[in-house]
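Visitor: Now for the letters of each chain:
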Amino acid sequence: MALKYELKQKEVWDGNMAAAHALRQAQVDVVAAYPITPSTPIVQNYAQFLADGYVDGEFVMVESEHSAMSACVGAAAAGGRVATATSSQGYALMVEVLYQASGMRLPIVMTVVNRALASPLNIHGDHSDLYLGRDAGWIHLIANNPQEAYDMTLCAFKIGEDERVRLPVTTNQDGFLVSHTAQVVKPLDDDTAYKFIGEYKPKYPMLDTKNPVTYGAQTEEEWHFEHKANQHKALMDSPAVIKEVFDEFEKVSGRKYNLVETYKLDDADVALVLMGSAYETAMLAVDKAREEGIKVGLLMPRVFRPFPYNEVAQKLKNVKAIAALDRSMPMGTTGALYNEVAGALAANGQSAIMTNYIYGLGGRDTTVEHILEVIRETEKNAKAGKRVTDLQGFINLRGPKLSFN
Amino acid sequence: MLQIRWHSRAGQGAVTGAKALADVMARTGKYVQAYSVYGAEKRGAPMTAYDKIDDKPILDHSKWMQPDYVLVIDPSLVFQEEIVENTTDDTIFIVTSHLDKEDLIKMAPHLEGKKVYVIDAIKISQEEIGRAIPNTPMLGAFIKVSQIIPFEDFLVSIEDILSKFPRKIIDGNLRAIKRAYEEVK
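Chains as they are written, first to last, in numbering that gives the first Met the number 0: chain P, 0 to 404; chain H, 0 to 184.
Treat the hints as calculated values from the structure; they're not laboratory data. Note that the structure is a prediction, hence the values are computed from the model and not measured. Hints should not be assumed to be uniformly reliable.
Quick list of in silico lysine-lysine cross-link-like pairs, DSSO-like style, CA-CA up to 30 Å [unchecked claim]:
hint : chain 1 : residue 1 : chain 2 : residue 2
1    : P       : K3        : H       : K105
2    : H       : K29       : P       : K255
3    : H       : K55       : P       : K242
4    : H       : K62       : P       : K400
5    : H       : K122      : P       : K9
6    : P       : K9        : H       : K29
7    : H       : K163      : P       : K3
8    : P       : K287      : H       : K163
9    : P       : K287      : H       : K55
10   : H       : K163      : P       : K185
11   : P       : K227      : P       : K202
Between beta-carbon pairs, the in silico distance windows are [what the hints assert, rightly or not]:
hint : chain 1 : residue 1 : chain 2 : residue 2 : range
12   : P       : K250      : H       : D54       : 43 to 49 Å
13   : H       : E151      : P       : D246      : 44 to 50 Å
14   : P       : E57       : H       : K167      : 48 to 54 Å
From the structure, some residues in chain H lie toward chain P, with a derived Cβ separation under 10 Å [to be verified]:
hint : residue
15   : G38
16   : I57
17   : W63
18   : E158
19   : L161
20   : P165
Each residue gets a CB set at the ideal place from its N, CA and C atoms; glycine is no exception.
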């Protein structure tokens with residue numbers, strides 16, 4: 000039996016420590032991981048918990064991230080609760096197996112610490128890895144601070160393992176800005192956390208040798224489409240379960256999460272859409288802009304996949320101008336959040352003026368002042384009733400001004 | 000919001016020091032943030048660590064700050080002008096040096112006119128802990144200069160935070176903290 004960990008009501012944890020404790024409290028059967036900056040401390044802390052007797056499960060050391068995710072797939076198909084952690088290049092190396100995991104409907108939880116992708120090599124935070132896994136068939140939850148990194152990781156198990164979902168889930172936190180930033184975290188005690196997640200219920204476990212099953216079979220043109228449609232439907236239907244889990248989490252923690260988070264959006268003419276730690280920095284910019292008389296609010300998809308497009312459109316229905324801020328270089332088009340939000344508006348017959356900003360690549364600092372400048376620019380569009388600023392701008396980029404129209 | 004910037008070399012314990020201070024202040028009911036700015040650095044490279052302390056949750060995740068306190072725990076970094084970046088006339092500097100204040104400012108003219116306190120945290124840590132890890136004595140000096148919490152309360156919290164270490168290390172750190180509290184000027 001794993002030892003109970005004595006936790007204080009308030010701990011000072013960085014995002015990595017918060018995620019590691021959530022994995023410990025979930026009593027994962029198998030963690031297979033290959034450490035990579037900036038998520039290394041998740042794996043390191045978890046291994047320490049295991050060595051100190053706080054975890055009963057297995058920790059499998061592997062030789063690469065491809066092997067890490069492959070071992071996760073094997074353990075999950077065998078019938079265990081399974082988790083791992085990664086970032087950046089490690090995530091990239093896993094991509095092939097991410098699609099396998101979701102296609103086999105294995106509810107693996109992966110705590111991702113978001114980091115830039117090389118080249119050039121960079122260890123700092125941006126959303127390149129999150130966007131890389133966008134279409135991989137995983138649920139992607141976003142955490143903006145260490146508390147949320149802890150909370151989302153607990154929720155991830157309960158969402159992914161629900162028999163109506165049975166899909167893998169990533170939790171995402173910004174490299175260094177959350178993963179290495181210590182803040183006050185209010186954890187649940189071990190029993191409450193475990194009771195919230197619940198016992199793992201295997202579905203079609205391979206170790207049930209009396210009922211043999213096949214995982215990862217080949218299906219060509221006669222059935223492949225139906226399998227993928229089935230998988231897509233599970234993702235599209237998952238918001239109902241995600242909402243249930245968030246509601247249940249509020250009951251045990253007092254903290255309320257939503258598919259779509261907003262800040263001062265109700266009376267807003269101008270909205271910024273962004274996700275990750277910069278969403279919280281942007282709250283301070285909104286407060287300042289409102290002192291200047293700009294009616295501005297924020298929106299964040301807490302769940303990036305499945306993308307809650309109707310809820311997003313609904314919440315933005317009264318705004319005149321929107322700036323979508325992407326923390327990843329879209330390389331040849333507008334950013335993913337811009338595209339998602341524009342699609343959501345179009346699908347609902349809405350026509351707010353939209354612009355796109357790219358920010359924070361490779362850990363580039365994004366301050367309250369920077370976001371305030373975006374708000375002021377976006378307000379120009381709202382006032383003019385048409386787009387008078389650039390379609391795509393770049394926040395805190397050095398050199399001559401870069402923009403696209 | 001109280002903002003503190005540490006200047007250190009990687010391996011001297013600024014991150015641990017910043018996290019320990021955040022932990023101490025969180026126990027008094029404050030909200031805190033402790034982080035550092037790394038390159039892909041090796042031991043000995045200059046780096047900075049940061050503390051933010053406030054009565055409400057801290058939402059700003061940008062690295063930029065205008066520090067109320069600058070804590071320099073490596074004696075050679077005192078001579079780098081980076082330590083005065085984004086500071087104001089009110090920013091208080093607590094620096095590690097074996098020199099007295101007047102001699103130090105002559106050699107580090109960027110500190111001219113600044114509010115400077117000096118503590119020989121390297122010597123204290125070498126003598127009391129047995130290693131040049133100047134982070135805890137710097138905390139002792141900071142508590143004295145800032146009077147942010149009663150020293151006795153600080154000692155109770157820091158002893159608990161250090162409790163994972165062997166008794167000898169804890170006692171050495173407590174002696175170093177008390178000495179720095181007395182000797183900073």
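Visitor: Look at each hint and say if it fits the structure.
Guide: A quick look at each hint next to the structure:
no.: 1; hint: P:K3 with H:K105; result: 57 Å, violated
no.: 2; hint: H:K29 with P:K255; result: 22 Å, holds
no.: 3; hint: H:K55 with P:K242; result: 28 Å, holds
no.: 4; hint: H:K62 with P:K400; result: 23 Å, holds
no.: 5; hint: H:K122 with P:K9; result: 35 Å, violated
no.: 6; hint: P:K9 with H:K29; result: 11 Å, holds
no.: 7; hint: H:K163 with P:K3; result: 17 Å, holds
no.: 8; hint: P:K287 with H:K163; result: 43 Å, violated
no.: 9; hint: P:K287 with H:K55; result: 17 Å, holds
no.: 10; hint: H:K163 with P:K185; result: 21 Å, holds
no.: 11; hint: P:K227 with P:K202; result: 19 Å, holds
no.: 12; hint: P:K250 with H:D54: 43 to 49 Å; result: 28 Å, violated
no.: 13; hint: H:E151 with P:D246: 44 to 50 Å; result: 45 Å, holds
no.: 14; hint: P:E57 with H:K167: 48 to 54 Å; result: 36 Å, violated
no.: 15; hint: G38; result: 8 Å, holds
no.: 16; hint: I57; result: 7 Å, holds
no.: 17; hint: W63; result: 5 Å, holds
no.: 18; hint: E158; result: 15 Å, violated
no.: 19; hint: L161; result: 14 Å, violated
no.: 20; hint: P165; result: 17 Å, violated
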